[in-house]
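Residue numbers (the working numbering), protein chains in the order written: chain H, 578 to 885; chain W, 135 to 549.
Since the hints were derived computationally from the structure, they do not count as laboratory data. Ideal placement from N, C-alpha and C gives every residue a C-beta, glycine not left out. Check each hint, because a few of them may be wrong.
Below, a sample of chain H positions facing chain W; criterion: calculated Cβ distance under 10 Å [said to hold, decoys possible]:
id, residue
1, Ser719
2, Ile721
3, Asp723
4, Gly724
5, Asp731
6, Glu739
7, Asp746
8, Gln821
9, Leu829
10, Leu853
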Amino acid sequence: MAAVEMTAEQPSATEKLRRRLTSGRMTATLVLLPPALILFTLFVIYPLAGSGVYAFYDWNGYNTPTDFVGFANFERMAGHSVFQQSVMNSLKVIAVSLLVQLPLALLLALLIYRRTPENTVFRLIFFLPYILAEIAAGLIWSFIVDGNYGVVADLTRALGLEPYFITSDRSWAFTAVMVVIVWKYFGFHMMIYIAALQGVPKDMIEAARIEGASRFEVVRHVQIPMIKPAIIVSVFFSVIGALQVFDVVIPLTNGGPANSSHTIVTYLYTFGLARLKIGYGSAIGVTLFIAAVLVAVFYQRLFMRKPA
Amino acid sequence: MKTIAGAAALCAFAVAGAHAETSVKVLRPESNSPELQQFWQDVIAEYEAAHPDVDVEIEYFASEAYKTKLPTMLQSDARPDLIYSWAGLTLVDQVKAGLVQDISASLDQEYLDSFAPGALAAFSDGEAVYGLPMTARLVVFFANEQLTDKAGIDLSAIRTWDDFLGAVATLKEAGITPLVSGGKDKWPLHFYYSYLVLREGGAEAIRAAMEGDDEGFESAPFVAAGQKMADLAALEPFQPGVLSASAEQGNTMFGEGKGAFLLMGDWAYTQTIGVDEGELLEGSLKILPFPAIEGGAGDPAGTLGGINGYAVTTGAPPEALDFLKFLVNAEHQREGARRGLFVPVIQGTGDAIQVPFTQEINAMIEASPAHQIFLDQYLGASVGGTVNDISAELVSGDVTPEDAAARIQEAWEFR
Numbered sequence: 578m579a580a581v582e583m584t585a586e587q588p589s590a591t592e593k594l595r596r597r598l599t600s601g602r603m604t605a606t607l608v609l610l611p612p613a614l615i616l617f618t619l620f621v622i623y624p625l626a627g628s629g630v631y632a633f634y635d636w637n638g639y640n641t642p643t644d645f646v647g648f649a650n651f652e653r654m655a656g657h658s659v660f661q662q663s664v665m666n667s668l669k670v671i672a673v674s675l676l677v678q679l680p681l682a683l684l685l686a687l688l689i690y691r692r693t694p695e696n697t698v699f700r701l702i703f704f705l706p707y708i709l710a711e712i713a714a715g716l717i718w719s720f721i722v723d724g725n726y727g728v729v730a731d732l733t734r735a736l737g738l739e740p741y742f743i744t745s746d747r748s749w750a751f752t753a754v755m756v757v758i759v760w761k762y763f764g765f766h767m768m769i770y771i772a773a774l775q776g777v778p779k780d781m782i783e784a785a786r787i788e789g790a791s792r793f794e795v796v797r798h799v800q801i802p803m804i805k806p807a808i809i810v811s812v813f814f815s816v817i818g819a820l821q822v823f824d825v826v827i828p829l830t831n832g833g834p835a836n837s838s839h840t841i842v843t844y845l846y847t848f849g850l851a852r853l854k855i856g857y858g859s860a861i862g863v864t865l866f867i868a869a870v871l872v873a874v875f876y877q878r879l880f881m882r883k884p885a
Numbered sequence: 135m136k137t138i139a140g141a142a143a144l145c146a147f148a149v150a151g152a153h154a155e156t157s158v159k160v161l162r163p164e165s166n167s168p169e170l171q172q173f174w175q176d177v178i179a180e181y182e183a184a185h186p187d188v189d190v191e192i193e194y195f196a197s198e199a200y201k202t203k204l205p206t207m208l209q210s211d212a213r214p215d216l217i218y219s220w221a222g223l224t225l226v227d228q229v230k231a232g233l234v235q236d237i238s239a240s241l242d243q244e245y246l247d248s249f250a251p252g253a254l255a256a257f258s259d260g261e262a263v264y265g266l267p268m269t270a271r272l273v274v275f276f277a278n279e280q281l282t283d284k285a286g287i288d289l290s291a292i293r294t295w296d297d298f299l300g301a302v303a304t305l306k307e308a309g310i311t312p313l314v315s316g317g318k319d320k321w322p323l324h325f326y327y328s329y330l331v332l333r334e335g336g337a338e339a340i341r342a343a344m345e346g347d348d349e350g351f352e353s354a355p356f357v358a359a360g361q362k363m364a365d366l367a368a369l370e371p372f373q374p375g376v377l378s379a380s381a382e383q384g385n386t387m388f389g390e391g392k393g394a395f396l397l398m399g400d401w402a403y404t405q406t407i408g409v410d411e412g413e414l415l416e417g418s419l420k421i422l423p424f425p426a427i428e429g430g431a432g433d434p435a436g437t438l439g440g441i442n443g444y445a446v447t448t449g450a451p452p453e454a455l456d457f458l459k460f461l462v463n464a465e466h467q468r469e470g471a472r473r474g475l476f477v478p479v480i481q482g483t484g485d486a487i488q489v490p491f492t493q494e495i496n497a498m499i500e501a502s503p504a505h506q507i508f509l510d511q512y513l514g515a516s517v518g519g520t521v522n523d524i525s526a527e528l529v530s531g532d533v534t535p536e537d538a539a540a541r542i543q544e545a546w547e548f549r
C-alpha cells in the first residue's frame, strides 16, 4: 500500500536534486560545512591520527619518526608499574567523584536551591573553588598541607604533634590530591543540581506534601527522579573529568613521592613529553582516548538515550 | 601620555627595524637572577652598537617548558638561532636530527685552544663543534659552620664518606637537621647518587656503562652507589618532608639556617639563596667537596656539575655565530666572572672572579681531573629522568640498590 502511495508522490531523482539545490539547503551546506569540517579535521582528526601513528614508533620528537616498533610502546606501558598505579589512581578519582563528590553536591544543592539571599551567599562560597584556576588551587593546597609552614603545620603544632607531610607520605599523598579534587569540583556539580531543582514544579512538591510525604520522601520520590537528567549529565562530566585530572596534581605532588600519585595524564606528561619519548607518550594518549571514547559511547547508550 | 610613549616606542622600533637587516634569535630558559639578565642586555647592547645591521632578540622560557618545547621550536619556522644547551645526549640527539650545525670551520684554532679542554669537549664530537660553552657549574656541599660547630664537628676533617656519615649522625644526636634538599623536584637528590657513582667508579664507569661494557648501568659502581645512598637514607638525615619540598624550598631552608648541609649547584649562592657576598649565614657558609670513598676507583678531586653554553641551529645566519663568539670572548667571560655571575670556561679568565665563594668554586673546577656533567642532562631526558626517580626512591626506601641500577639500565636500553 505504501509503495503505491510512494510512486504517486515520489519525485524523480533529478527532481529531488533540483529541489534541494534551489531550496538553499544544499547551498547552505556547501558554504557552511567546509570551514567547520576543515577546522575539525585540522585540529581534531589530524592530531589524533598523528598520535595514532606515532604510538607505533620509538621517537624522541626530532625529525620524522623512523624507528617502527609495533606494539612495543603499548606493551611497555602495560607492564610499567607506575602506569598501573596511575590507572588505579584515575579509577580512585572516579570512585571518589561518584561516591563522595556527587552526593555531597546533591546534599548541598538540596539545602540551598531555594532563591533566598542567604542561599545566594552560600552558593557563591561553594562555587568559589571551581572558579579558581586548577594550577592555583594545587599551589594553594600545597601550601596548606605543607608540614613546615601550612595550616597543617599550625594544627600539628597546636596539638603538640610531630610535623606531618602528607604529600611526602606514599600511602596518603594521593588522598590529598583527591581531597583537592572533591573540594575543587563539587561546586560545579552543585550548580547543575541547583538549576535542575529550581526547575522542579512547586505544585508537585506541594501535592506530595499534602499527601503526607515526609521531607526525605519528597527528595527521594519527587525531586531526585525529576532531576535525573541533570544527575546523568553530571555523572558523565565527573567520569570524563576524572580521566583528565592533571593540573591539580603537578603543583601539589608532581606525581610523587616515588611516582605514587600520578594520574593517567600526569603520567603521560612526565614519561612521554618531559622525557621526550613522544612515541611512548602517544601510545598512552591513544589508550586514554580510546578509554574516554568507550566510556562516552557506552554511557550515552545506557543512560543518555532519549526516552522512546 | 602612555599612548604617546607607546607610539614613540613603536616608531623607534620601526626605525630600528628598517635598519636592522638580520635578526639573531636567542632562546634560553628563564633565569631568576636579575644580574644575569642585565649581563645579557649589556652584551647585546654592546654588540648591536658595533653592528647596527644586526638585531639580537632574546626570549626566555620557564626551565621545564624550555626542555619540552625545544624539539617543536627547532622544527618550526620560529626556530631560534642560538639555543641554550646543557650539552650531553640531548645535544647529541639534536645533532643527529640535523638541527644543530657544525661550526668548527668558522672558528680559528687559537680561539678553540683558549677554552678549558673539558668545556669545549662537551660541545664537540671529534673535530666537529656544535656550540660554545659559556659557563661551568659545580655541585658542592654548602655547609653552615655555625651549626656544625654547635655539634662539635670539624668541617676540615670530613674527607671520606664515612667521615660524612659520622658527621650526619653527630648532627642528629645534637638535634640539628643534617641535610636539607628538595626531593619533590628529584634532581637535587640525584646529585648524591651521581657523586657516589663518580667516587665509586669515576667518570669512566659512566662512559663504560653507556658503551654497554660489563653490565652497563648494573655494574658494580652503580649498585654500590645506590647502597651508599640507601645507607645514608637509613640515618634519616634530611629535613622532615624532604620528598614534598621543592628545590627552592630546600635552598631557602638552608639559607635560613635550618639544616647543616646542602648539596647543590653553585648557582644557588647568587640565585636562590639570594645573598650579598659573604653575607649568607653571617659568614658561616663554607663549602666542601663531595667526600671521597675509601677504596673507590674515582678520583676524589673529580667534580660533578654542568658545562652550559649555546648551540647554533641549522640555517642560522652567520651573524648568529658571530654574536655567539662575541658573547663568549675572553672579555665577556672576564666580565661575567667579575660580576660573580658564573665560572668562566675560557682559560685564564677565572682570575677576574672577585667573590670568594666563586673563587673557591673556580679553584675546584680547575683542579678537577674530570668534570662530569649532571647525569640527568648527560644521559638525555629519559634516562636522566629515571636517574632522578631512583635517587628519590632510594631516599624514600622504595627501591633497592640493585633494582635502582636495573631501572637505569632498562631506561637506557629503551632510550
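These are the hints, each one checked on the structure:
Taking 10 Å as the C-beta cut-off, the interface hint given for H/Ser719 holds, the closest approach to chain W being about 8 Å. The beta carbon of H/Ile721 is not positioned within 10 Å of any beta carbon in chain W (closest approach about 12 Å), and the interface hint is therefore violated. The beta carbon of H/Asp723 is positioned within 10 Å of a beta carbon in chain W (closest approach about 7 Å), and the interface hint is therefore held. Among the interface hints, the one on H/Gly724 holds; its C-beta lies about 5 Å from the nearest C-beta in chain W, closer than the 10 Å criterion.
Among the interface hints, the one on H/Asp731 is violated; its C-beta lies about 15 Å from the nearest C-beta in chain W, farther than the 10 Å criterion. With its C-beta approaching chain W no nearer than about 7 Å, H/Glu739 sits inside the 10 Å limit, and its interface hint holds. Taking 10 Å as the C-beta contact cut-off toward chain W, the hint placing H/Asp746 at the interface holds, the least distance being around 9 Å. For H/Gln821, the shortest C-beta to C-beta distance to chain W is roughly 19 Å, which exceeds 10 Å, and the interface hint is violated.
For the restraint placing H/Leu829 at the interface with chain W, the shortest Cβ-Cβ distance is roughly 9 Å, inside the 10 Å limit, so the hint holds. With a cut of 10 Å, the hint placing H/Leu853 at the interface with chain W holds, because the nearest CB-to-CB distance is about 4 Å.
The earlier numbered hints that this structure contradicts are 2, 5 and 8.
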